[in-house]
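Engineer: Please arrange chain B on chain A, whose structure you already have, making use of the hints.
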Amino acid sequence: MTTDTPPAAGRGTVRRLAGALHTRPRLRLTLLLTAPLLWLAVLYLGSLTVLFVSAFWTTNSFTSEVVKVWSTDNFHTLFTTPVFRQVILRSVGVALAVTVLCAVIAFPVAFYTARVAGPRWRPLLVVAILTPLWASYLVKVYAWRLILSEGGLADWMLAPFGLSGPGFGLPATVLTLTYLWLPYMILPIHTALEQLPANLLDASADLGARAGRTFRSVVLPMVLPSVAAGSVFTFSLSLGDYITVQIVGGKTQLIGNLVYSNIELNLPMAAALGTVPVVVIVLYLLAIRRTGALNSL
Amino acid sequence: MHLGRTARTALRIGAALGFAVIYVPLLLVLVNSLNPDRSASWPPPGLTLHWWSVAADNSGARDAVWVSVKAGLGATAIALVLGTLIAFAVARYRFLGRGTVSFVVVLPIALPGIVTGIALNSAFGTVLRPLGVGLGLFTVIVGHATFCIVVVFNNVVARLRRTSGSYEEAAMDLGATTFRAFVDVTFPLLRSALLAGGLLAFALSFDEIVVTTFTAGPGIQTLPIWIFDNMTRPQQAPVVNVVAAVLVLLSVIPIYLAQRLSADTATSSRV
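These protein sequences, in sequence, are chains A and B.
Its first residue numbered -11, the first sequence is counted upward by one per residue in the working numbering.
Its first residue numbered 21, the second sequence is counted upward by one per residue in the working numbering.
For the record, the hints were derived by calculation from the structure and aren't laboratory data.
Errors might be hidden in some of the hints.
Which stretches of chain B does chain A cover? Using the computed rule of at least three CB atoms under 8 Å from a CB of chain A, they are [said to hold, decoys possible]:
1. 84 to 94
2. 99 to 110
3. 141 to 151
4. 174 to 182
5. 189 to 202
So the derived label-pair ranges between C-beta atoms look like this [unchecked claim]:
6. A29/A <-> F202/B: 24 to 34 Å
7. T68/A <-> T29/B: 48 to 58 Å
8. A29/A <-> D204/B: 32 to 42 Å
9. L194/B <-> L195/A: 54 to 64 Å
10. G185/B <-> F67/A: 49 to 59 Å
11. S186/B <-> W58/A: 50 to 60 Å
The C-beta atom is built at its ideal place from N, Cα and C for all residues, glycine as well.
Bound conformation, chain A alone (with noise of 0.2 Å):
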């Protein structure tokens, strides 16, 4: 490698690193991964194949040792202990709850925000939808326990009607879910909305089609994929979260809840408790596969 100027030391053993790493790909690739893997990979995943063998040991009743012998006993609780089914279905139900609240909630800002509007206004519109992304999640929630208080503003607004606002209890735990998850439901049934041929809906109206037609024909299967997308925020979002419901959920317990009541005296139990929500979240990832969400995630 000729220069103009001869190099200083320094710069050859620079230019000679240089030139090794340029010859070798396997070896620069090797250098780009080995940090990430190494925390990725030893560090996370690690800690997350400990937890999830840690399920299946068990911890001695009256020292609260962990004891780590091979067993199924805490999966055998869990399934036949009526509270932890109870409280299992209850957080699916929520989960689902919350989404299709979100979803129906959605469409409509969506719509006028990617079709309706003018074009000018459409990017400030998506800024107004992310602001909320950015306020803080305790303090969304915050401001619903202020709403939901005891003559906090959804009294006031109801008490005309003669009616009282909801309270704290899972109806407020599904309405602060629903409020806290909604951007992440607009944003993708937007996008999907904006990139809509408008010679597709122009060449459904000339077949004959009025604009109801159109919509359930053209628009909402087109649509469904950003649907199932956003849904996999809302749903896995709602199913793992336990401080939404310990700030406005009353007396209300989900399996976020248990886990984290049961993390100090019974580790395997809040391991087994745990892996509740990954494989239902797995679960659900692979029914909605076919819809060809995940690839637009």
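Structural biologist: The following block gives chain B in isolation, referenced to the frame of chain A:
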């Protein structure tokens, strides 16, 4: 689709209601911080700035902000390095297990925080405790970095896919070494993607409560933990109100910056 007048009006009303639902709670937090009363009853009996000055003197909240900033900066720095390295590997090379690598990067944010939290908690307990390293700020940073990697990765990989490697090859044909090409060509191309990714990573870390709960040592209190601990204490209500209002106001900054950092970078963490 040719919507009738009624359909358009209905959509307009629906969207207006939707936006009202999104913004009323945030506005309520702002108004409530000016409420002279300790209770959250509506409407407030008056407006006062008194609690803002009380909150400014609250050392617990101030210390918590400082801990959160340190944790956020540490986690962002690690995530920037690791996320960029993986992004280069995935975008510029074809190798066995490439799909798995991009899946594992997403996993920490796709799984419920409580699962990530107890997994790290038990791993730290079994590996670090015998070495004499307890839970503290360090373990919080490690935990946060794990789920922040994905946002840096997403931003950088999107940029790398858009800019082919031919720029670097051109630089090297002109005599630049691999390092020189990176500093003069690749890095400037990536700069705004790195900024956007770093911004998101910091915001994500600043907001995280679940993983923090399981990885923080006894003396370590981040701002979300402080808010959560004080939320249900009537004595602390006015200060919590002000802190919440400040956080709502501060959330405008990242939006402004994200908008400035060009439209092609991923603007949110999960979507």
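Engineer: Now look at each hint and say whether the structure bears it out.
Structural biologist: Hints versus structure:
Coverage of the region 84 to 94 of chain B by chain A is violated. Counting CB-CB distances below 8 Å, 0 residues qualify, and the rule asks for three or more. For a cut-off of 8 Å, the count of residues in the region 99 to 110 of chain B with a CB near a CB of chain A stands at 7, and the three-residue condition holds. For a cut-off of 8 Å, the count of residues in the region 141 to 151 of chain B with a CB near a CB of chain A stands at 4, and the three-residue condition holds. Counting residues of the region 174 to 182 of chain B whose CB lies closer than 8 Å to any CB of chain A gives 0, which falls below the minimum of 3, so the coverage claim is violated.
Residues of the region 189 to 202 of chain B with a Cβ under 8 Å from some Cβ of chain A number 6, which satisfies the need for three, so the listed coverage holds. Under the hint 24 to 34 Å, the C-beta atoms of A29/A and F202/B, about 26 Å apart, fit the expected range. The supplied range of 48 to 58 Å is met by T68/A and T29/B, whose beta-carbon atoms lie about 55 Å from each other. Distance hint for A29/A and D204/B: a CB-CB separation of about 33 Å, consistent with the stated range 32 to 42 Å.
Taking 54 to 64 Å as the suggested C-beta distance range, the pair L194/B and L195/A conforms, at roughly 58 Å. The beta-carbon spacing between G185/B and F67/A, approximately 53 Å, falls within the hinted interval of 49 to 59 Å. Distance hint check: the CB atoms of S186/B and W58/A are about 55 Å apart, consistent with the given range 50 to 60 Å.
Comparing the model with each numbered hint stated earlier shows that hints 1, 4 do not hold.
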